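Enquirer: Based on these hints, arrange chain R on the given structure of chain G.
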Amino acid sequence: MDESLLMILGWTGIYGATALGAVGSIIGCSRAGQAACGAMLDVESGYGRLVGLSALPSSQIIYGIVVTMTLRGNPLTAQSAPGLFAVGVLCGIALLFSAAFQGACCASAIHASKNKPEVFGLSAAPAAIVEGFAVFAFIFALVVAGGIPQ
Amino acid sequence: MHRSYYTLIASLPHLPLHFELDRTPITRPRLNERLKLLEDADRDVIDQMSAFLVWDRQPLDRNDQEVIERYDNLMRTVSNPLVRALINTRINMRTIVSAVRRRKAGGSPPVGVGQWVDHIRRNWEHPEFRLAGRYAWIRPFQNLIDEGAAREAQRLLFSVNYRTWSRMAEHYAFSFEGLILYLARWEIIDRWTSQDANAGQQRFEKLISETLGEHANLY
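Chains as they are written, first to last, in our numbering: chain G, 1 to 150; chain R, 1 to 219.
Just chain G, with the same shape it has in the complex:
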């Protein structure tokens, strides 16, 4: 394969984790944030926790940045580029989906806890579970990144 194409793949992998994580966080926070804004129209108090919950999907961009920094620590060569691409992009996709769907979970939690404030903690549990899957993808990206051939 052309070496310049390999370099493009390598850089795509390095930055992909951050970019895709950012896209997921944008979608997730947007969904949950819109729900929080709507809920604020219907409740008289407890605005802070609604906004706090809506920020939960922002963690995926942080995971993406850490993966990018880790991958960036590997020298970019024709041998390492395919591995960097695979780890970065696949982790980024996992982060994207987890953030987007976590946003939907947060929106539902906001909607549910607006009507029944006593279920606030429990209603956030699905969002926390989705976060757990993002953490798995993140941790194992770091583990696998250590084995990419130089």
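No wet-lab data here; the hints were simulated from the structure. Every clue listed holds true.
Restricting the straight-line Cα-Cα distance to at most 25 Å, the calculated cross-link-like pairs of lysine to any residue (SDA-like) are:
id : chain 1 : residue 1 : chain 2 : residue 2
1  : R       : Lys36     : R       : Val54
2  : G       : Lys116    : R       : Ser166
3  : R       : Lys36     : G       : Val43
None of these values were measured; they are calculated from a predicted model.
Expert: Showing chain R alone in chain G's frame:
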């Protein structure tokens, strides 16, 4: 394209499992205010549905030709599948209710519209028009009509629709379809509360009591 309405739907109060409330969870002016968040195309769909629901609130004793024209006109203009399904559900219910009432009055099968008109005509002599398997409410509705319990019969019909649309709404979170089903259920609550004169009186007295406090009983 399926649009999402996170802000709008989250801003609407929860609708309970049952429609027999003292008042609607959100007033019509406030609901209309919230609906301004809709995109123009979706707003048009909601307007079409609202127009149908307003028409549907009118008495059942309409002439058949008027119902047919209205139905044909609606089916030509409404393209949203869920709104069409809601309209068909209501029209079918109207047709069956009309058939039950006509038969009780010794009349002929209704001309009407919808998928069951011919079926009812063919099964006019059967107690439930051979529709009991699909519409379990026909028998209890007939019983209530026979007893002259019109209000209970109306409650039964509301209950059937409210339950159906509540079940459907479980599959739509923060979507336009979810909003359509919310409005359909809200409309049932509104119809029920506006019919409930006693509840209205109690509400009025409660309001007076809350406003005047201990002075409410002075005169």
